[in-house]
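Taken in order, these protein sequences are the chains called L and C. Throughout the first sequence, residue numbering follows my numbering, covering 1 to 112 in sequence. Throughout the second sequence, residue numbering follows my numbering, covering 1 to 114 in sequence.
FYI, nobody ran anything at the bench for these hints, they're computed from the structure.
Label pairs and their computed distance ranges (CB to CB):
| # | chain 1 | residue 1 | chain 2 | residue 2 | range |
| --- | --- | --- | --- | --- | --- |
| 1 | L | A17 | C | P81 | 42 to 50 Å |
| 2 | L | E20 | C | K44 | 22 to 30 Å |
| 3 | L | E98 | C | P81 | 27 to 35 Å |
| 4 | L | H82 | C | E14 | 38 to 46 Å |
Chain C regions said to be covered by chain L (calculated; three or more residues, Cβ under 8 Å):
| # | region |
| --- | --- |
| 5 | 31–42 |
| 6 | 93–107 |
Bear in mind that the values here come from a model prediction, so they are computed numbers and not experimental data. Built from N, CA and C at the ideal position, the CB exists for glycine as well.
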Amino acid sequence: AQSVTQPDIHITVSEGASLELRCNYSYGATPYLFWYVQSPGQGLQLLLKYFSGDTLVQGIKGFEAEFKRSQSSFNLRKPSVHWSDAAEYFCAAYFGNEKLTFGTGTRLTIIP
Amino acid sequence: EAGVAQSPRYKIIEKRQSVAFWCNPISGHATLYWYQQILGQGPKLLIQFQNNGVVDDSQLPKDRFSAERLKGVDSTLKIQPAKLEDSAVYLCASRLGDRLHGYTFGSGTRLTVV
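With these hints in hand, go ahead and build the complete structure from the sequences.
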């Protein structure tokens, strides 16, 4: 079945440290992949997307993600997190249709 | 560019009551989605409109949920009667053009059924 998996429910990172959020997908081809961020009480904001080409994509707010076909992964990274990055992060994919399928999300906590 | 507008922001109702949510997408966005986000879970698609036609409502509980998008602009999602398990955030999103464009989400309506 087509699915998006985010293995980490909750991650805590010190401010200024690097961050990597994991995302894996299950699909027989390469899906269109997205990362969204959701701050408390807010809707989801698009951070970045991957369709094809360069496997390292840059997004807003200093985030980047790397697509690895061999691992069916699309991990989100940031070299140095800020307190304002505390939020819920969702990986999502189009699996050959018009519907975005979301992972269960990873909650990011930043400690001073 | 104005964002996706949703109202109300919060709603508390008793079970078996009815409730309606409203969404005004970004002007010119032909595709509109309603998602349900239960606490601790990712958003789940309820229904997708293309202009004023339904594209996908396979996960909409049609015995109690209904949605319409009159004139291909605003949309309303209704629940009647509500159950406790309907407590969730209801997100509306719209999209310009094809899948190469990401969705733009509204801030959502948080529904609590007591």
